[in-house]
Each structure stands twice: as C-alpha cells, then as structure tokens.
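Read off the chains here:
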Amino acid sequence: MTSAQVFLALIAALFLAPLAVGVLTGVDRRITARMQSRLGPPILQPFYDIGKLLGKEPMLANHWLAFCSFLYLAGAVTSVVLFFLQADLLLIFFVQAVGSVFLVIGALTVPSPYSQIGAHRELLQIIAYEPLLILVIVGIFLATGSFKIEAVYAMEQPLLFKLPLLFLVLGIALTIKLRKSPFDISASHHAHQEIVRGVYTEYSGPYLAIVEIAHWFEIVLILCLLSLFWSTGVVGLVLLLGITYFVEILVDNTTSRMTWRWMLGTAWITGITFSLINLLWLYYG
Amino acid sequence: MNMLSKFLQTSRIKSPWVLHFDCGSCNGCDIETLAVLTPVYDVERFGIINVGNPKHADVFLVTGTVNHRNKKVLKNLYDQMPQPRAVIAIGACGLSGGVFRDAPNVVGGVDKVIPVDVYVPGCPPKPEAIIDGVVKALELFAAKS
Amino acid sequence: MFKITPMTKNILKNLITKKSTRPYPFVIREPFEESRGELYNDIDNCIFCSTCARKCPSQCITVDKEKGIWTCDPFVCVFCGTCMEACPTHCLHHKRTWRPVSGQREMIEMQGTPPKSKKKAAAKKEEASG
Amino acid sequence: MPDTLLFILVVVPFIAALGLYALRIESLRMVLVLATAVLLTGSSLALFSHETVAFSTTLLGVNPQPLIVLLDFVVLFIILAVGLSAKHRLIIYLAGAQIVLLAIFKLVSPAEATGQAMFLVDPLAKLMVFVVSVVGSVIILHALPYMKNHEEHLHLTTSRQPQFFAVMVLFLGAMNGLVLTNDLGNFYFFFEVTTLCSFLLIRHDLTDEAKANSLRALWINSLGGLALLIGLLWISLDLGTVNIQQILAQTPEAAFLLLPIGLLCFAGLTKAAQLPFQSWLLGAMVAPTPTSALLHSATMVKAGVYLFLRFSPAYSGTFFSTTVAFVGGFTFLAAAALAISQSNGKKILAYSTVSNLGLIIACAGIGTPAAIAAGMFLIMFHAVSKALIFLCVGTIEQRIASRDIEDMRGLYAIMPVTAIITVLGALTMILPPFGMLLGKWMAIEASAHNILLVIILALGSAITVLYWARWAGLLMSYPFKGRIYPESQPALTRLPLLGLIGGALLLSFYAPAIYNSLIYPAISALPLAMVDTVPATSWGILVLDRGSFPVIPLFLVAALGLFAAIYFYKLAGKVKPTGPYLSGAQTPDDASAYAGPLRQSIIPSSSNYYLEKIFGEVAINRWVNTAAIVLILLMLGGGL
Amino acid sequence: MAKTIIPFGPQHPVLPEPIHLSLTVEDEIVTQAVPALGYVHRGLEKLCDIRDYHHMIQVVERVCGICSKIHAMCYCHGLEEMMQVEVPPRAKYLRTIWSELHRVHSHLLWLGLFADGFGFEALFYQLWKIRERVMDINEATTGNRVIVSVNVMGGVRKDLSLEQIRWILSELELVESELKALESTILDDYTVKERTVGKGMLTKEQAYDLGAAGPTLRGSGIAQDCRQLNYAAFSDLEFEPVVEYDGDSYARSKVRYRETLQSIDLVRQALHKLPDGEINVKVKGNPEGEGVARVEQPRGELFYYFKGNGTKHLERLRIRTPTFANIPPLAAMLPGIELADVPVVVLSIDPCISCTER
Amino acid sequence: MAEAKTTEKKIPVLATQAVENDNLKAEIRRLKSEGYRLVTLTCVDLDEEHVDLLYSFDKDLEMVHLRMQQPKSTPAPSISDILFGAFLVENEIQDQFGICFDGLVLNFENYLYLEEEVARTPFCKYSVIRKDAQ
Ligand code: SF4
Ligand code: SF4
Ligand code: SF4
Ligand code: SF4
Ligand code: SF4
Ligand code: SF4
Ligand code: SF4
Ligand code: SF4
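Residue numbers (our numbering), protein chains in the order written: chain A, 3 to 287; chain B, -5 to 139; chain C, 18 to 147; chain D, 19 to 658; chain E, 41 to 398; chain F, 23 to 156.
Take these hints with a grain of salt, some might be off.
In silico DSS-like pairs for lysine-lysine, Cα to Cα no more than 27 angstroms straight-line [said to hold, decoys possible]:
no., chain 1, residue 1, chain 2, residue 2
1, E, K313, E, K220
2, F, K81, E, K352
3, E, K86, B, K106
4, E, K86, E, K324
5, D, K631, E, K43
What the hints contain is simulated information worked out from the structure, not anything from laboratory work. The model shown is predicted, which means the values in this text are computed figures rather than measured ones.
Throw the hints in and build the complete structure from the sequences for me.
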C-alpha cells in the first residue's frame, strides 16, 4: 500500500464507514417500521440519537464505565482500521474481541443486577459467535491460502461460491452482533425485555453515545467481513450486502426473542455443523 | 463549532426517549400511552422510543394517582434521569388524583412529588392528546438551551 | 407441529401496502360525533342550580350562586358526561375535541348573571323603594 | 564459564536447600533465600550471553553421575516408604517397579560408557531456565511474607517454614537440571525429584485433605515416572544411547521408536496434568499459594510440555504427531469448559493452567515451525502471567480470607492496587497485543489446515475469554460512592506483583525481539519434518507466510487508547454520581439497596453464571475423561 | 454460592404496571420469587362513604381502565338485583355488546403485550393495530375510547342506531379477518411455541385449589365461565366456555385467542337479536341489605359485595377482581422457570394490578 | 324513560352460614373436600368492636358464604395453611381493618399496601391506630 492509499483507507475506516452504517441503521429502522405498517423515524434518526446523547448530562454509577466505554470504542475502531489496512483477518478478529471484552467488563463494574446479567449474557453471546467467526476466517484461509485480506481480493471467483455454508454461519454471527431477534438477548434496541437494556443499562448519556458509536464500528467490521464474500465486483457486493441485510430485518421481524440456552445450542450446533461440512468440502473437494 | 452545537440542539428535539411509569393508574392512561407507540400513532416518527430505563430517558411520562408507596419510586426514577429532562403528567389522576383524589391512600397528583412540565388532562386522554403533550415538552427543550 | 416464521407474509404485505399510521399533528382526523371532549358551559343559560356539582363523581365543579360563578377544575374532571346529562337547562356540553395540554395548573371559571333569589330581590326592592 | 553457571543453576539450590533446612532462624533464612534468588536470576540471565549451544560433560570438573544414581535410588525409596506408611498399594507397586527397572537400566545402560555431553544449553533450555529461575525466584520472594502470614493464620507453634523453603529451593535446582540435562537418565532423576517436591509441598499443611491430595499427586506422577522409565529403557536398549540429542538425530529414520517416545510423552501428560490426569493438579490447590504458583502452574507442570516440545522433532509429521495435537487441543477445550463452572479462584487457575498447557502440547503436535514458536511463546508468557495471578490470588486470599471469586466482588474498594494488577494480569491472558494471545494466534493460524483441531481451538479460545473477562469485571464491581481504602503491603509482597506485571507487559512488548534472538534460532535449527517457512519479524511485526501480527504497532495503538481512556476516567471522577438502576425501588438512604417485600431493605446481589448443569465437573468429568483416555490410547497406538 | 437477587419492578419495561418481585436466580433459573404490592393501591372501595352510589359507577369504572365497562356493569347489575330493578331488554343487550367489545380489545391488547414479553415486536404492533378498530367502535358509540361511561343504574346511556350497527358489523368483519391472518403466528410459530409451550405450568388441581380464575383456570382444563350465570343478555346467546388442557402459557394464550373470536361472534349475535325498546329505567330509593354479583371479565370472574343501609351511601363495597385470585397461582408458577420466561409467565395470567389493589 | 317497577321492596339478605373461630378451619376443610373453590374473603366493619368476615366459596357457579363475627382485638385464625390462595386477602384485611390473622403463611405484617406514613386503619369507620403485627 502506498501512503496515499493508507491515508484514504484511514479516512474511509474512521469516518465514511461509520457514517454509512449510521444511515444504514436509519434505513433499517425505517424498513422495520414499514414492515410493521408504521411510518418510522427519519433516516437520520440514529445521528440525532447520538447527538442527543452526547449533549446529555453525564451521570455514572461507576467511573470504570467511562474507562471501559472508551476502550470498547478503541477496540472497535482499531479493528476496522486494520481491516481497511488489509491486515491479518484473525488478528482483526482478536482486536475486535478487545472491544467486546471491555464492554462487558464495564457493565460488570456496576453492582446493578440488570447490568450484571446483561454482561453475562453478552459473554454467552461472545462464546456463541466467536468460534463461528474464527471458523469463517479459517474457511477464507482454506479457500485463499492466506489469512491476509489481500489474498481474498486476488481471487478470481467470489468466495461465496466456495463458502456458501460459511456465509450462513456468518449470518448467524451477524444476527447476534446486530442484536436482532431471535438473538437480541443481552441488549435490544428498545427495552421491552426482562433485563431492561442488559449490558447497556448503566451506560448513559455521552457514555452510551460512545458505546453506540463503537457498536456502529462493530457493524462496519462485520459488514466488511460479509463483503469479502463477493470481492470481485461492486454490483454483486452491494447486492449481496443489501439482500443479507434485508433478510436480517426480515428475520428480526418474524421471530421472537429466544433464550440464551437456546442460542448457545443453536449457534454452536448449526454453526459448527455447517462450518464442518463446508470446510471438509473445501479441503477434500 | 456552531454547526456542531446546532446539530446537538436539533438532536435534542429530534430524539426524545421516553420513560413511562405507571404511578398507580387504572391502566386507562397506560394503554393509551402504549397505544401511542403502536402503528396507528407511531411516535417513532418523532424519534420517540420507549426506553424503560431512567438513565436513558429524556421525557418522563407519568400516569396515575400518587400514593404513599409509589411516590418514593417516582422520586427515585426522576432522580436517575440526566438533564435535560421533562416530566409529563397524564390523565386526571396524574394531574390531581382525579376521581380518586379523596380515597384514603391517595396523595394527589404527580406535582406533589416532582415538578411537572406538561399536564395532559383527560380520563384517559386520547393518544393524540398525549402526542400533543410530548410536542409541548419538546418546545420546552428547545427553549431551555 | 409448528411453522417457521409464518409472520413473513404479513410483514411483506405491510411493506407494500399502505401504512396504517395516522400522521396526527399534520393531519387531524375528524372526531366522532359522540366524542366527549372538553367540557363547556353555555353560561348564559346556566341557572346556577348546582345540579352538575352534585352529580359530578369527581366533585370538580363548584357553583357560586351568589356571584354567578361556575368553576370547574379541568385537571380533576374525568369527562364522564354525568353533569351534562343532569343539567336541567342543557347548558353543559362536551366539545368534540379534547382539552389542550398546558404547562401549569389552571381553573375554568365562568362568570354569568346570577339568578336573583326571591329574598334578595325583595330586599333590593325594599332598598330601592326605601 | 557456562560450567560455573550450570553449577549455580543446578547444584547451588541443592546446597541452599540443605542450608535452609538446617538453619532455623528467620532472618538468616531471608538472607539465604534472597541470595539464592539473586544468584539464580543472575546466572539464568547470564546464560543468554552464551549464544552458541554449549555442552558440558562434567560439573566443575567433577562427574556427578554416581551421585545422581545414588540420589535416584534415595528418591525412589523415599517414595516407596511414603507408600508403605500410607498403605497406598498403587504407590508401593509403582515405586517398586521403578526401583527394579532403574536397577536394570543402570546395569545395562550404555550411557555412562559413551561419556556424552551431559548438559545442553540451547534456546529452548535457556527459555525454560529463564522461566524457572526468574519467575521461580520472584515467587519464592513473595512466599517470604506470605508464609509468615500463613503460619500466623494457622497459629503454628513450631514453624515449618524451613522445610517449606528448603523444598521450594531444591525444586528450582531440580527443574533447572531437568531442562538443562542432555541425558535421559538424568532427566528421569530430576523428574522424580520434582515429583517428590510436589508431594512434599502439597501435604505441607498436613490437613487430611492435603495428605490425601498429595498421595494422589504422588501416584499419578509416579505412573508418569514409570512410563518414562520404560520408555527410557526401551530407547537405551534399541539405540544404545540415552543422549537426547543423539536420540533426536536418529529418530527420523528409526520410526519404530515412536512408541517409547509415546511413553515419554505419556509421562509428560501426567506431569502437565492433562486430561484425564488433571485431578492431581486440582487437588494440589490445597497447598499454600506460592507452591501452587511455583510448581503447579509456572514451572513444574511445564516440565511435561517441555518434554513434548523437546521431542517434537522426533515425531514431527507422523500420525502420532496429529494425535498429540488432538490430545492437547481436547484438553485445551475441556479444561476451559470445566473452568467455567468453578468459583474457587485457585481452581479456575488450575483448570486454566491445564487448558493452556493443552494448547502448548497441541502446538507441539502441529509441529510446524510457527507452531513450535507459538508453543515456546506460550510457555514463557503463561509462566509470567499465571504466576502473577496466582500471587495476586494468594495476596487477596490473605486479606479477605477466601479464594472464592464471588467474594472478590468489589475488591477494588479495599485493595485497589492488587485489584488492578489482577485485572491486568487476566487481560494479558486473553487480549492482544499481549503475548498469550500472540501465541494463541500463531497456534490457530498454524493449525488452520487441520479442520477438527481448529474447531476445537476456536471453541476453547472463546470459552477462555468468558471465564477471564467475568473475573476481571467483578473485581472492579463497586458502587460509585463507595469508599476506596488505600492499600498497604510489605515490599516483598508488592514488588513481586509489580515485577511480574511489568515483566508480562515488557516481554509482550519485546516479543518480536525475543523471537528474533531466541526462538528463531531455535526453530530454524530444529530438524522438523513439517517443512514450512519459519516466521520472521520486521518493524515489530511478526510475519508468517499466511498472516502477520503487528505487535509493536498494536502496542502503540493500545497505549494511545489507554491514555485516552485514563483521561476520561479521570474526568469521570467529577461526574454526578448515581446509584445503579434498581427498577426505581432504591431506598432513600442507600441508593444501592432497594425496598423489597415485607419492608426489608435488600442489597441486590449478583453471581456469575457457573452453568453447573452444562459445564460442571459432575456433568462432564466422566465424558471428557473417557474421551481423553480414548485419545491417549489413540496417540499411543499412533506410535506403533 | 452467591445468589443473584433482582428487584423486578415496580418500574420495569416489560411490566406495564407497577408490581415488584424480588427474584432470586441461579444461572438465570428462578429459585424464589417474593411479590410486593401496593404501588397502585388507592383504597377506592372506601370512597363509597363520601360518594353516593350513582357516583360510584364512575369510580368503579376506573378500578380498571381496560375492562372498565364490565366493572360498571357488574356494579349496576348487583345493585339492581338488590333494589329489584328490572332493566329493559334492549339495555341488557347493549350492555352485553359493549362488554364483549371490551373483551375483544382487552384480549387483543393482552396478546400484543404477551408478544412483546417474548420479544416479538412485529406481532405486538399488528395486534394493536387491529385493536384500534375496536377502540374506534368504542369512541364512535360511547364517546370515549377506553372508559366508556355508558352504564347507569337501570340501563345504559347511549343507544345504537341502525347505521352504527351496520358499521360495527363491517368493522368486526375486518377485525376478525385481520386477526385470523395472524392465527398461524400466534398459535403455530416455532419461536413463539418455543417461548410459551410448557412455561408456567399449572395443573388442573393446582388451578382449582389456588383459586385461579378466568383464562388461567380454563387454560388448565376447567370449563368455568361466569357468563353462564346468564346475566345481561347471555341467556339468549349461544356460546360454550373455551377450554384448553395443557395448563401452560401457551394454553392460556390459546384460550384468549379463541375467546376473542368467540366474543366477536357474541357481539354479532347480540347485534342481530337486539330488541327494540327503552334503554333505561329510572331508579328510585337507596340500596339496603346485602348482595353479591359476579360477572366474567376478560381476566376472569369478578365478584362484588354490597352492603347498603338505606342511605345513598353504601355501607360497604367490596371488589374481588380476577387478578387478585390469580396472584397465588402465579406465585406457584414462578420458581423453577428461566429469568427470560418471567415476563412470559407473569403476563400469562394477564395481570391487572390496578384491579388487584384497587 | 320508564319508571322502574318497584313492587313492594323487601330488604335482600345474603344466605350465609354462621361459623365461630373454633370451627372455622373444620368448615373450610369440609368445603374444600366437597370440591368448593375459594372465591374471596370480605371484611365488613360492624361497630367499634367487631367486624364480619365473610368467606365466599363457589362450586359449579353456585356460591356458599360463611359468616364469622370477629372481635377486632383478637386475631382471627388464618385459613391460608389450608387454602394458600387466601394469604393475599388476609393480608389485605390486616392492612385495611387492622385484624390480625394467626398462622398466615406469608405475612406482610400490615404493610401489604400501606406504608409507615399511614397511621390509622383506613377502612374502619371508627379507625384505630395501626398496630404492628407480631
Ligand atoms: S442496538 Fe445496535 S443495532 Fe440496535 S439500534 Fe442500536 S446500534 Fe442499531
Ligand atoms: S421489544 Fe419492546 S422495546 Fe424492544 S424493540 Fe420491541 S417493542 Fe421495542
Ligand atoms: S385519569 Fe382516568 S384513565 Fe387515567 S388513570 Fe386516572 S382514572 Fe384511569
Ligand atoms: S373541566 Fe370544567 S369546563 Fe371543562 S369540561 Fe369539565 S366541567 Fe366543563
Ligand atoms: S364530566 Fe364528569 S367528572 Fe367532569 S365535571 Fe362532569 S360529571 Fe364531573
Ligand atoms: S346543572 Fe346546568 S344549570 Fe345547573 S348549575 Fe350546572 S350548568 Fe348550571
Ligand atoms: S376487568 Fe375490571 S379493570 Fe378490567 S376492564 Fe373490566 S372492569 Fe375494567
Ligand atoms: S384486571 Fe386489569 S384491566 Fe381489568 S380491571 Fe383490573 S386492572 Fe383493569
């Protein structure tokens, strides 16, 4: 990479990507509303929410929340930057895990039962999706022979053809990461659930804004991972992302929230079976 | 800088998250408050989300008569809401105790415990009236800063 | 035994059909004929008989026959319509729209002409003549 | 010069041990321990200056072989005596068998005749010596104030510290000998000494539980010893040598030797407490915490994995190697899962140790250069971080009188410094850019072609995050307005903690440099069958042919993030405090309690999820142990 | 091992009403649940000392805002029996129609909240969308959406015109078809069943012994419905109590779903049979003596006790609402379930705390 | 508006069966074994000294009422050990009338609904100062 390219990649990673995801969340909320026969909020609503939160009076139940929210953001941002710099996929994955871990630790620092339960559920989510993400990355390695992103771009054929089942596995991880039904168990968009807002319960005002922004970066990362599956053409890539996201919204609106026991079982069993089949097929096929 | 503060200003009016607390209401007002969130009225149009957590809320919707037990809860929730915040009392009960104001365990309206910014009369008020109440509270936000 | 996501049809149908949201503050729906909104006294016809005050279950009406003042606390009124039905002169009405929201406490006070009580009228007459 | 260093590293501790046992004066003991620690640390570091592989036939001109033979029998007879006095049949049989076999071996052994190099200082040995001597010394120093407190708590009339420190120091010497020796016969001797030390230290407190657990440790380790001895005898009969370098030089051709090597590995499994032998290590947690830190996580158990790494060239590229990878990988996953169900801090550490050693063994089994490098990294970083956390738990335990992690909730309020060190230590176990994660990353990348193994590693890695993150979180869980008490500790308690955490961070930072100077020469020299490019470094970035890990750049970014976070943490101190969200029910005078039913004021409490039904010992022990036995049988079968 | 103790309520987003449960959980399995009440208690029964028995109609309507009409009907019905007032048949039919409309809207509301309880937002919104039609019928015919205030002693205050009847029938047609479109989601969806089947088990014996009422009782296999007492116009209408036998949350939701359709049918029958005539009679005198009245609310059997002393103020008014009867069964259902199922199980009795505490 | 047919009024009375403190539990057990379901308890303030406690039962939509006159100063026997469902209403009566119940399985001790601020029994005509249940 030349330094100009690096500069561009940084700009894209730090500013464009989160802005795009902000708009995407806005569109998501709009489509969700339409599916529920409602009008829905303005497309820019996610930005208003963040802006509003930033302007609120800071209030904390424990200082470490502030500390951890920043490290959550740092982890998420770094992982996205690394992706745009085309670093090692497995490394990127581990770096994003830093963010998630700090989100959880922050929530654990408050002796509040809802926050604590949310944190534990978040941890259970982490153990549900992390192995799946690693396996997707391993799948990409087996298909391209390298963990580096540039190897994916060197492919002539979209990865999707080689890793169709792993794409579904990534879909499971995506649903968990997007906090969508049936996996919205540790913190849902709104709070009509038994643990209020779970891990987010104690983050408030500007700190919640930071957490939300960090979450945007996490979404960026996972969408980037998705985009690797169609690296050969922009049209196909946009279509793939669009369809996948639409299906996510559809699933969100047609299922109940499940329990973590169900999630752990389902994610592991289906995720690992699918991965295994796909990986074996790659290896021997 | 100016643009930024302007954006924050707009955001404040565009994203009022509400906390609804049933402070001893007969449910009439509650179901109308909930109805406001549902497709026919859909207040998410204004960016309103029911957050159910005082720490995330900007607008506090209170329904019902205050009694000796729930007045403490009311105060607690209000105290956990960060500034800027607004309180909307809904229904005759929330305003004054309504038809129950002489009942033995009734303290009175919400404003006996916490300051109320907007009063929405009715028993129960129509969902449209509740929307009016929130809009009025937003005017307060606009004026406050 | 069970179906997987039977909601899909409904959801997709919603996506392409008209949304059911009423754009309230921008378009205001015509209220129903019967709607019981804000209470309103046609004060000129009021005879200050206090029937409404007696019949009101919230006890929110006070009638001062002497001064001819009819007061109602709109924050206590439960819009039940009892007073309206009881009023002998039919001077009480519910508007079809609800009472607007407000930022502070307020009373509805209406000043009418008090009916002259016979005693007082007689006294006045005496005064006049005397 | 290397001769002197070897003498200091191996023999001096034996002498110091005698001294410590004889001297019963506290101040003298302190001096002696300090002196030994300094000597050991110094010479282990000095060893690094000898870049070339150094050999030595004698120690300071003396041939210690006869002495070793004598001591070997002494150790075995002591074990036999223990077995007899405890009427423990198994131990008696195992010790008896070993005595007979050892006698046979000494009679037919060709080793002395050849007069081969007795000691070998290669990078792997240097690394191990570093771990043993430096980390071990720090732990022993920390033990000084610890044991004093410990005996005060127990109200002992006569101090048993002389024995304790004698055995601890003796053990250091044995460990150094074990990793430095180039003679499998001597290896066996040192192996048995560590077994005995472990036994003595586990039963140190002389409670019934301690005695029972020490016997368990003894028989399991003796089983390993027996396997080792059989393998040794077999090899010596077959090859006519017990010189490790010669064995390694011959094995690629002599493929039939895999079974005896399998027996050696079996011994390694028992020593490293791999499934299904984990029970002795868990039982060992009854010992005073410095013991646990020294023997049962930082060093002794590493003898087991050292064996695997040492012999990895011998089996690299064979089916046996693959099964080794699975045995290790399976332990990595299963022990991590078992750790979830534990709330006893030391047991979590024990399972975590078992789990991480499993990962190292898996690395040895994968057998590519990158994997071996990962294994070496893991040995070093694991020793430092794990020793640190053990010492932290020990320190905490003496303050709060509990080792249950639930009781450590909100520890920050009473032991802020220790709490932060512990959290940092936990984070160095799971997060980049720290060394453990670097090792794990290399391991996964190296194993990516083995689909089943990589699935196991992926699951294990996620589960590891779970039990560390929740522990780290709960240490900091305290109310905002809660008072934070300053913490005071003796220097000998505080300094080792600071030293270890500093060491963990520095070593992680210098990982590329360490790789270049120590590990790269080691693995590029290894005669591995798995031909694969050897990882390289540039600009602080570790480069594999399939991926790269920018250690130093990540450190810089992390430092940046940390500074920002600390800045905001400071700012947050001025923020309006509020109680936790309690559904609006908090009591007027205490925002962290709520008014519950029956007018009680209840402080809501939280507990971790231990998922006993899913990952509990009762629930899965049977299954994982059976699976592990099957895997080990497969492994030994793979040796055929 | 340390326990996790959670204050669940009084303010909690899944609970529409303030009730408190101190939950003790272990790995999210509830081991103990102690309720605390009193956040809605007003003491309104005592208002009969200062409000006369006509005023009290408005007061009892506000015991609960969801089935308000049925409270007023029960109150009037009981006092009319005591005072031996014969209510004109058309008034009886009109009372029936509005009370069944209340049941429809209450059940739709509940189904929605229940769906929200297990996180099925889209279903929640659809059901409430349908419910708005019923609310419109209420407002158009009585003047208010929720608290309709149409009952008076001796009859009702509002009449239905022919045109209104036709409109109501056509609206109900829509409500029915829209609801049926959701049937497979409410009853057959995998994720819905996964969250409700087997949750909050209440056996037939438990339900009976603990005094459960309404759909909670009928969901456990006991066919008891107070409408069989034939108050108002129910003697002329055809219906069978809806019973399910599994005794879990799913059975209870099935009962309510089927009752919604049944109530729509009852409204239709009543509208078709609506007799002509007066809609109320004047009531003179004051209540004296003792009496009880029972009607079926959406949540079950409602019980009123009256004691009059010949003045316009009642001596004692006692209201026992169905939720009050369903709290002990709820307490029996909670231990052993998952935390995530607490909202589902609590909602499955359709709790109405306002009613419970009055 | 038609006039109600007020055919010669007779004061309605509720058919009840009188019980005493001593035989209350036995009666309750009998009703339970006969398959009656508890509907509720009703407490009616009679005079300064006494209240009426009405126990209402139901079987196939037929109601049976027991009536027990209870002095305010002595505790009434609780039936919540026989019928758990009664605990809530007995607690309610404790709150509102200050009657104590002996052997209540879950005793909210006069604070089911009310807070400390409420010093007098709200539902008695001749209100008494609320006592702490022992
Ligand atoms: S929780 Fe996450 S996915 Fe949901 S709205 Fe917020 S940012 Fe978007
Ligand atoms: S569960 Fe409740 S809060 Fe969450 S999205 Fe659905 S309606 Fe909103
Ligand atoms: S104002 Fe009316 S509807 Fe609202 S809570 Fe009070 S009584 Fe109920
Ligand atoms: S508040 Fe007063 S003026 Fe308004 S409607 Fe009621 S009685 Fe009339
Ligand atoms: S509408 Fe009802 S509450 Fe309002 S003043 Fe008239 S009678 Fe009173
Ligand atoms: S009842 Fe009518 S006439 Fe009489 S005082 Fe009231 S409003 Fe006036
Ligand atoms: S059951 Fe009671 S509270 Fe509910 S709607 Fe009917 S009358 Fe109202
Ligand atoms: S049961 Fe609920 S909805 Fe019905 S009256 Fe009681 S509180 Fe209202």
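Tested hints:
| no. | hint | in the structure |
| --- | --- | --- |
| 1 | K313/E x K220/E | holds (25 angstroms) |
| 2 | K81/F x K352/E | violated (34 angstroms) |
| 3 | K86/E x K106/B | holds (22 angstroms) |
| 4 | K86/E x K324/E | holds (23 angstroms) |
| 5 | K631/D x K43/E | holds (16 angstroms) |
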